[in-house]
Structures are given as structure tokens and as C-alpha cells.
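Trainee: Protein chains in written order, with this note's numbering: chain A, 1 to 329; chain B, 1 to 380.
For the record, the hints were derived by calculation from the structure and aren't laboratory data.
Note that the coordinates shown come from a computational prediction; the quantities given were computed from them, not determined experimentally.
Any given hint could turn out to be false.
Stretch-level coverage of chain A by chain B, calculated; a stretch enters the list once three of its residues show a Cβ under 8 Å from a Cβ in chain B [what the hints assert, rightly or not]: (1) 41-48; (2) 227-241.
Taking lysine-lysine and the BS3-like style, the derived pairs with C-alpha atoms no more than 30 Å apart in a straight line are [unchecked claim]: (3) B:Lys7 / A:Lys5; (4) A:Lys95 / B:Lys22; (5) A:Lys33 / B:Lys274; (6) A:Lys5 / B:Lys104; (7) A:Lys33 / B:Lys237.
C-beta: ideal position from N, C-alpha, C; glycine also.
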Amino acid sequence: MLHEKQLAEQLLREEVLSESEFHQIDQHLSTQKISLHWELRMLLYIGITLFTSGLGVFIYNNIGSVGHLLLVLLMFAGCAGSYYYAFKNALPFNKESVQHTNPFYDYIVLMASLLFVSALGYLQYQFNVFGTYISLPTLFSSLVLFYTAFRFDHKGVLTLAISLHAAYWGLIVSPMELVNNPGMFDGGERYIWISIGVAALFYTYAWICRGYKVKIHFVPVLLHFSINIMLLALVTAVFTLPFKGLYFVLLLLVSVLWFVESRRERSFALFISLVLANYIVISYYILKAIFDWIDGDGITAALFYLMGSTVGIIYILRNHKKFTGHDVQ
Amino acid sequence: MMYSKEKLDAGRKLRALTGWLKNQLISEDSFHRAQINAGELYKSYSLLKRIGLYVLTMIAGQSAFSLFGMVALGDMGWKLMSLVIGTGTFFVLRLFIQNNHTYKQGTDDALLHMAVGYVAGGFISILSPDFSGIQLSLTLLLLLAILLVAVYLFADAFLAVLAILVLYFIPLHLVSLASKELLFFSFALLLPLSYIITRLIKQYDTLRYHYWHSCFQAVRYTVGVLAYCSINLFVVKTLAYQLMGAEEIPMQTAFLVTTVLFPLALLVMGLYYKQKYLLHTGLFLFLPTVATIRYYYSVMPIEAALMLGGLLIIAVSYFAITLLKRKDTAFTFESDEDEDLSTAETLMLLNQFAPRTIATEEKKIFGGGDFGGGGAEGKF
Chain A
1 MLHEKQLAEQ
11 LLREEVLSES
21 EFHQIDQHLS
31 TQKISLHWEL
41 RMLLYIGITL
51 FTSGLGVFIY
61 NNIGSVGHLL
71 LVLLMFAGCA
81 GSYYYAFKNA
91 LPFNKESVQH
101 TNPFYDYIVL
111 MASLLFVSAL
121 GYLQYQFNVF
131 GTYISLPTLF
141 SSLVLFYTAF
151 RFDHKGVLTL
161 AISLHAAYWG
171 LIVSPMELVN
181 NPGMFDGGER
191 YIWISIGVAA
201 LFYTYAWICR
211 GYKVKIHFVP
221 VLLHFSINIM
231 LLALVTAVFT
241 LPFKGLYFVL
251 LLLVSVLWFV
261 ESRRERSFAL
271 FISLVLANYI
281 VISYYILKAI
291 FDWIDGDGIT
301 AALFYLMGST
311 VGIIYILRNH
321 KKFTGHDVQ
Chain B
1 MMYSKEKLDA
11 GRKLRALTGW
21 LKNQLISEDS
31 FHRAQINAGE
41 LYKSYSLLKR
51 IGLYVLTMIA
61 GQSAFSLFGM
71 VALGDMGWKL
81 MSLVIGTGTF
91 FVLRLFIQNN
101 HTYKQGTDDA
111 LLHMAVGYVA
121 GGFISILSPD
131 FSGIQLSLTL
141 LLLLAILLVA
151 VYLFADAFLA
161 VLAILVLYFI
171 PLHLVSLASK
181 ELLFFSFALL
191 LPLSYIITRL
201 IKQYDTLRYH
211 YWHSCFQAVR
221 YTVGVLAYCS
231 INLFVVKTLA
241 YQLMGAEEIP
251 MQTAFLVTTV
261 LFPLALLVMG
271 LYYKQKYLLH
281 TGLFLFLPTV
291 ATIRYYYSVM
301 PIEAALMLGG
311 LLIIAVSYFA
321 ITLLKRKDTA
331 FTFESDEDED
341 LSTAETLMLL
351 NQFAPRTIAT
361 EEKKIFGGGD
371 FGGGGAEGKF
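Using the sequences and the hints given, assemble the complete structure.
Mentor: Here it is, written out as C-alpha cells:
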């Protein structure tokens, strides 16, 4: 910590610390090492991203001259090599969280997974091995990645498996895609119900993990995907579909469930998601009513509403312990 | 300082004592001798909560101020109203801090930024309506004073960065009034100016002024980037063209060398002086360095550059991690308890590699699409 030596000197003067304790702290600080853990991890991640991006461009540009079969074979060879290394050096399976001592191990597991997904997709695209069932490679990839995530305890691979699983059902769950294309959930009633179904599926997976006490630390990841897909779908439904009331009631019902989950998981992120989703929808109805009922001066009432309601939400968020029962800041 | 220095001091002591106790460097008796009641200290909020509260406060504040828009005021009336609103917000913020024991919790940040924005906006629109000439420099001086007062009172890192940008801009603006050629050469002064500021910060970033540590850090990063701008080949060439219409500049090779050496020098200095901010700035500045080199000297195709660059970075990281694990140095690969970027890493991964297109037998569930042309028309 910053200025620790000066602080120790001050506390020595204030007679909080004894001379011997001060010397111990002084010695500890003089030998204390500076951690470059996240800097090097980020660097490694950037390197892998640059390399795989370059490889992608290279394949795209040279597909004619290199040959499809050779490329697929190279990708599968890389994938097999990485998986071989992963299995050979894997720690025994444990239901709890497992931390590998080798810092590169996680990245090799990640590379194996990425190469597998690319190779399988390429195989289908070029050689049509799954025939007309063109979504099957996505499902198969997601299942293999789920296995990889659970076997090697890799949260990153788990998120990829979840995104592929959602893709099999027709959903894109990349955060930036949502920012760039906010209308992505606006695909009609069937799309909304598929989204709700996928969210329910991830929620079921979370319950299975809980029930069998397998990789409990994966539960929040599954819940985050589940709640965000569900809320986005329902909010979109309220804004775009007929039978708005039905979706609104459904939103309120699932909000109760997510509220219970946020308490159970002690997760502020789950709580804020459901508060904001409900606030947006309720505000939509109230503002609509204001502009429908008040002729001419609706804007003043709307501004008063926005001011009051946001202050209310701020109060709820600042004092969320009263609502959620936990003190996660 | 608007926040309670006693509480901030106590919080700092508590964090240090907790760490020492955990490392068994002090006894429990010593820990309790400090008599710090954790319940009375400022609570630190998570980034998510701070962002949420910041955005909501902004909405609430802007809604409240928009209500004033209902009142019919003249042009000058609005400018004065802006000052009144800004000053009023300062008082609201002060009351809020005193009554809610708030410290950097999103709400106070938003109120502060709104207050400074309205006061500064009011002054600028009154004193320098056309935003030019010597008036602008004087107005910017006033803005700098407002920002410095705000930084002194609220220790806000964002406003500290703004203040340093204004500080750099004022002399450059004054020089630009005299001659554009002089302005071009003045950019070279950013480097020594940044050095002076960094030295000053080093002098003041002590326990006595720890309340402003985040401001000092933010300024360090900012002046590092600004100093780099003054020696970056692309920036210098662009300025030469924009200001003097010069296609070429003298000593182009020297600027290329400085463009490459500056980030490297920061990395070496960061390792030598064990300063993380130098390492971070050096690493970050490699991005514009690579972009600059590629812009002027594209020696290989993009895919080859990406793959080679990626392999080089992987090799450097591998070498560094292996070295840190094997050799006893001043650095370690063990993770710091204060930092956890695993969520950020997972999000980046998801963003980079999650599918963006869907392969499915039934495309229509994605909302369908209109198709027209070639004599065909229909919904798919």
C-alpha cells in the first residue's frame, strides 16, 4: 500500500505500534515485491488476440493457395496438441474451484477451445459435414466447451460455451453487439419466447450446479447470463409487442424470482439489473400516461417524475442492504 | 477539503493495520490500540454501483435543471441562471456530503461534475461568447482556477485531468495568437513541462497529501501521454502540415526514434524505479507507436504484422513470467489482493470470441429480412 512506511512511522509516534512491530513492518516493506500479475496476463491475452486475429486474416486471404483440407488439419492438429497438453497436465477433477500453478495452462485450454470451435465451424462451412443440420456444429462446440470449462475449471471457456449455446438457439450474447445493435432483441414474439426459454435453460443449469454442488463458482456466471437475457427480452417485449400487459406481469413475476436470487447470491449486479429493468418499464407506462392525460404541459410533469423517480432509485441503490439483506457495496 | 480528513486518515490507517495484522507483523493489541471504528468510516462502493448512481444522479439533476427551462429568460438570463444553478449544486453537494457521509460514491461525483459544468459554462458564455482571442485565454484561466478549487475541495481525478489539459492549452493558445510557426515549436515544450509536473507531483504525493493521491496518479498518466504526443512522428507531422502547410519535417528519423524509444524508456524507468504508472503508460503507448510505424513504414502485410506482433508479445510475456517465477527480483507474478481483473478479462474474451452471426436452419427467427431485386421479392 502507498505511503505505508510513513504511516507506520506516524503510528509509532502515536504509540499504536511498538518499536519491534515497526521494525518488522519496515523489513517487510523493504522486501515486499511489486506484483505484475495482471499486467502480464493482459499482455499475454493481447498477444493471443493479435495472433489469432492475424491467423484469421491470413486464412481468409490465402484460402485458395493453402488448401482447405490442409487448413482444417492444421487447426485440428493445434487443437489436439493443446488438449493433449491440457489433459496430460490437468489436476484431478474437483467439484470445488481448482487453481493450476502453471500460469500458461489456462491460456492453452483457451487456445484448444478456440481452435476446436474454429475448426469445426470451418469443417461445416467448407465440407458440409453436418449436412443440412448447419446449427449442429454450434451445439456440439458448446457441449465440448461446457465439458472443457467444467473439467479444467475455466470461467472464460464457460462464457464462450454459454454464448455458443445461446447461438444454437439463435441468440447473440456478446456485450458489444448489444451496444452496437440495441435492436437485436427486437425480432418478434417467437424470438422473445426463445430468449425467455434460453434464459430459463441457463437458470436450470445454475440449479443443477447448485444441486450437485459442482463448481458452485460458475453459478453466478450462469445466473448473470440468464437474468440479463430474460430482462432484455421482457423489456423489449413490453415496448414492441402486443399484449404488453402480459409481458409486464411476467417481468414483475420473474423480478420476484431474481430478487430472491440476488439475496441468495449476495449479488449487487443482479439486484441493479432487475431494479433498472423494472424502472425502465414502469417509467414507460407512467410517462405514457402523463403525456396521454395532461394536454400541453406534460413535459413539466414528466420532468418532475424523472427527478423524483431517479432520486427514489438512488435511495434504493444506496440503501440496498435494507432490501437485499446483504451489505455488498 | 470538503470530505472529512479524519475519516479518510482513519480509513487509511485501518487498511494498513488490517494488512499488517493479516501478515502477522503486528499484534491484535496494537490493532485495537488504534481505536478505529470501521462503522463510522466512509464506505467504498463497487465500480458498478458508482456508475449506476452517477448516471441516475445525472438524470435527476438534468431533469431538475430542465424544469428551469420552463421559465422564459433572455440570453443573459440563461447565462446567469447557469451560474446560479452551478453554485446551488455546490451547496447541495456540500450538504449531501455532510449529511450522508458520502465519499466518492457516484452521487457526489455527479453533483460535483454538474456544478463545475454549470459554473464554468456560465462564465465561459458570459466572458468569451465567441470562444476566441485573448478573452478565451483569460476565460480559460478562470476555468483553471475553478477546476483547481474543485480539485482541492473534492479531490476529483477527472477534474484534475481537465485542469492539466487546460493548463497545457492556455500557453499554447496564447502562442497561437502570435504565430502558428511559434505554436508548432512550442509543442516541443510539452516534454519538459510534463517532466516538471511529474517532479512536482513526486514532491507532494506523500502521506500528508494522500487525499489527492488519485488526482496525482491521473495527472501522471495524462502528462505521460501529452509528453509522448510532443515527440510522436505522426502528431508532429500532422501539426506541421496543419499549422504551416509543410509536407515534410526536418529530422524525421529522429522523431521516429523518439516515437519508439519513449514507451521503451518508460518501461525501463518503470522497472528501475518500481513505478507501476510508468509501466502502464509505457505499455499503453506501444499501441500508438505501432500504429505510427505502420502508417509510415508498412513493411509487411497486416496479417503477418498481427501474427508476428502477437507471437512477440506472447514470447515476451512467457519470458517475463518464467523469469519472475524462477528468479528472485523486486517484482513477482503472484497476484495482488487489491486487484482482480478476472471479470474484465472474461468480458473481453466474450466480446472478442463470442459468435456474432448465427448458423441455423431457420433464419427467420432472427427477425427476418426484406429481399428485393433481380425480379424476386419476398420475406425470408
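Trainee: All hints, please: hold or fail.
Mentor: Okay, the hints, checked on the actual structure:
1. 41-48: The restraint on the region 41-48 of chain A holds, since 8 of its residues have a Cβ under 8 Å from chain B and three suffice.
2. 227-241: Our answer is that it is violated, as 0 residues pass the Cβ test (under 8 Å) against chain B, missing three.
3. B:Lys7 / A:Lys5: holds (20 Å)
4. A:Lys95 / B:Lys22: Holds: lysine 95 of chain A and lysine 22 of chain B sit about 29 Å apart, inside 30 Å.
5. A:Lys33 / B:Lys274: holds (9 Å)
6. A:Lys5 / B:Lys104: holds (26 Å)
7. A:Lys33 / B:Lys237: violated (42 Å)
Comparing the model with each earlier hint shows violations of hints 2 and 7; every other hint is respected.
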